[in-house]
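Asks: Below are the chains, spelled out letter by letter.
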Amino acid sequence: GAVVSQHPSRVICKSGTSVKIECRSLDFQATTMFWYRQFPKQSLMLMATSNEGSKATYEQGVEKDKFLINHASLTLSTLTVTSAHPEDSSFYICSARDGVSPLHFGNGTRLTVT
Amino acid sequence: AQSVSQHNHHVILSEAASLELGCNYSYGGTVNLFWYVQYPGQHLQLLLKYFSGDPLVKGIKGFEAEFIKSKFSFNLRKPSVQWSDTAEYFCAVNAQAGTALIFGKGTTLSVSS
Chain A
229 GAVVSQHPSR VICKSGTSVK IECRSLDFQA TTMFWYRQFP KQSLMLMATS NEGSKATYEQ
289 GVEKDKFLIN HASLTLSTLT VTSAHPEDSS FYICSARDGV SPLHFGNGTR LTVT
Chain B
19 AQSVSQHNHH VILSEAASLE LGCNYSYGGT VNLFWYVQYP GQHLQLLLKY FSGDPLVKGI
79 KGFEAEFIKS KFSFNLRKPS VQWSDTAEYF CAVNAQAGTA LIFGKGTTLS VSS
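Residue numbers (the numbering used here), protein chains in the order written: chain A, 229 to 342; chain B, 19 to 131.
Hints are supplied without guarantee of correctness; some may be wrong.
[Unchecked claim] Here are the computed lysine to aspartate or glutamate pairs in the EDC-like style, where the Cα-Cα straight-line distance is at most 20 Å: (1) A:Lys269 / B:Asp103; (2) A:Lys283 / A:Asp293; (3) B:Lys123 / B:Glu38; (4) B:Lys76 / B:Asp103; (5) B:Lys67 / B:Glu38; (6) A:Lys269 / B:Glu106; (7) B:Lys79 / B:Asp103; (8) A:Lys242 / A:Asp316; (9) B:Lys123 / A:Glu287.
[Claimed, not checked] Footprint (simulated), chain B over chain A, 3 or more residues, beta carbon under 8 Å: (10) 269-283; (11) 331-338.
Just so you know, these hints were derived from the structure itself, not from any lab.
This structure is a prediction, so every number in the text was calculated from the model and none was measured.
No residue lacks a Cβ here, since even glycine has one placed at the ideal position from N, Cα and C.
Let's have the full structure, built from the sequences with the hints guiding it.
Replies: Here's what the structure looks like:
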C-alpha cells in the first residue's frame, strides 16, 4: 500500500532555533499534502494544505511565517518550525493524497523545544 | 464549518465484550467518513471508510461502522474486542474527496485481558 515517510521521528531543539521536518510519499505522487499538529490527549488539528509547486494554504490561527511549508516536488513536502518556542512542542503529522482517497499518514514527528 | 464529535473519551472493556464508539458530524452536504486507529507508538491506520452505497461498512480486524444520515452519525462497532484492540480511535470526515480530514478528539479504548 501507499507509504508516507516522515523524518525525523523525534527531535529536540533549543528555543530560538529552527527545525525542518520532511514528509515523503514513497510509492506514489502526492500533489497535495496536509500538515497536522497533535497535542497530548487531543485530536489532530489541520495546520495547512500544501500543493506541489504553489504556496501552502494555512488554517486560521496558524502563523505562516512561523511554520514554513515547502512542496517542491511531487514526493516531498517540508515543514520548518522557525524560531521554535516551548509551546511549539507537539506531535506533527503529515498526510498525502493518493488519487482521491484515502489519505495516507506519516508516522509523525515528536518535537520538543527546550 | 465541519466538525466531528466523539462522545466517549475513554472506554474500558474486558476481552470479548462488544464495542460501540459514537461519532457525529456536523455538515449539511455529502461527506466522506473515516475511522482511524492509532496503536501506542504507531501512526494512524485506516480502519474503514464510507463514501457512498451500503451504509454498513466493514473494515479491517472485524470492525464495522454504520452511516445513519438522519442522525449525522457514523458509529464504530466490534462484536468482540481483544486486548490488542487497545488503542486510540479517531473518527474523521471530509466534504470532498482528496481534501483534508477533520478529526474528532479521539476515544481511548482500553481492553483488559
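Asks: Examine the region 269-283 of chain A: at least three residues should have C-beta closer than 8 Å to a C-beta of chain B.
Replies: It holds: at least three residues are needed, and the region 269-283 of chain A offers 6 whose Cβ sits within less than 8 Å of chain B.
Asks: Need the status of pair Lys269 (chain A), Asp103 (chain B): alpha-carbon distance at most 20 Å?
Replies: OK: Lys269 (chain A) and Asp103 (chain B) at ~18 Å, within 20 Å.
Asks: With a cut-off of 20 Å on the C-alpha distance, tell me whether Lys67 (chain B) and Glu38 (chain B) pass.
Replies: With a Cα-Cα distance of about 16 Å, the restraint between Lys67 (chain B) and Glu38 (chain B) holds, given a limit of 20 Å.
Asks: Can you confirm whether the C-alpha distance between Lys76 (chain B) and Asp103 (chain B) stays at or below 20 Å?
Replies: Between Lys76 (chain B) and Asp103 (chain B) the Cα gap is close to 16 Å, so the pair holds against 20 Å.
Asks: For Lys123 (chain B) and Glu38 (chain B), compute the direct alpha-carbon distance and say whether it is at most 20 Å.
Replies: Roughly 16 Å separates the two Cα atoms, so the pair holds.
Asks: Regarding the pair Lys269 (chain A) and Glu106 (chain B), is the alpha-carbon distance no greater than 20 Å?
Replies: 10 Å, holds
Asks: Check, residue by residue, whether the region 331-338 of chain A contains three or more positions whose beta-carbon lies closer than 8 Å to a beta-carbon of chain B, and give the verdict.
Replies: holds (count 5)
Asks: Lys123 (chain B) and Glu287 (chain A): Cα distance at most 20 Å?
Replies: 18 Å, holds
Asks: Going straight from one Cα to the other, do Lys242 (chain A) and Asp316 (chain A) come out at no more than 20 Å?
Replies: Cα-Cα ~11 Å, so holds.
Asks: Does Asp103 (chain B) sit within 20 Å of Lys79 (chain B), going by the straight-line distance between their CA atoms?
Replies: Distance ~9 Å between Lys79 (chain B) and Asp103 (chain B) Cα, so the pair holds.
Asks: Check whether the Cα positions of Lys283 (chain A) and Asp293 (chain A) lie no farther apart than 20 Å.
Replies: 12 Å, holds
Hint check: no violations occur; every hint is consistent with the structure.
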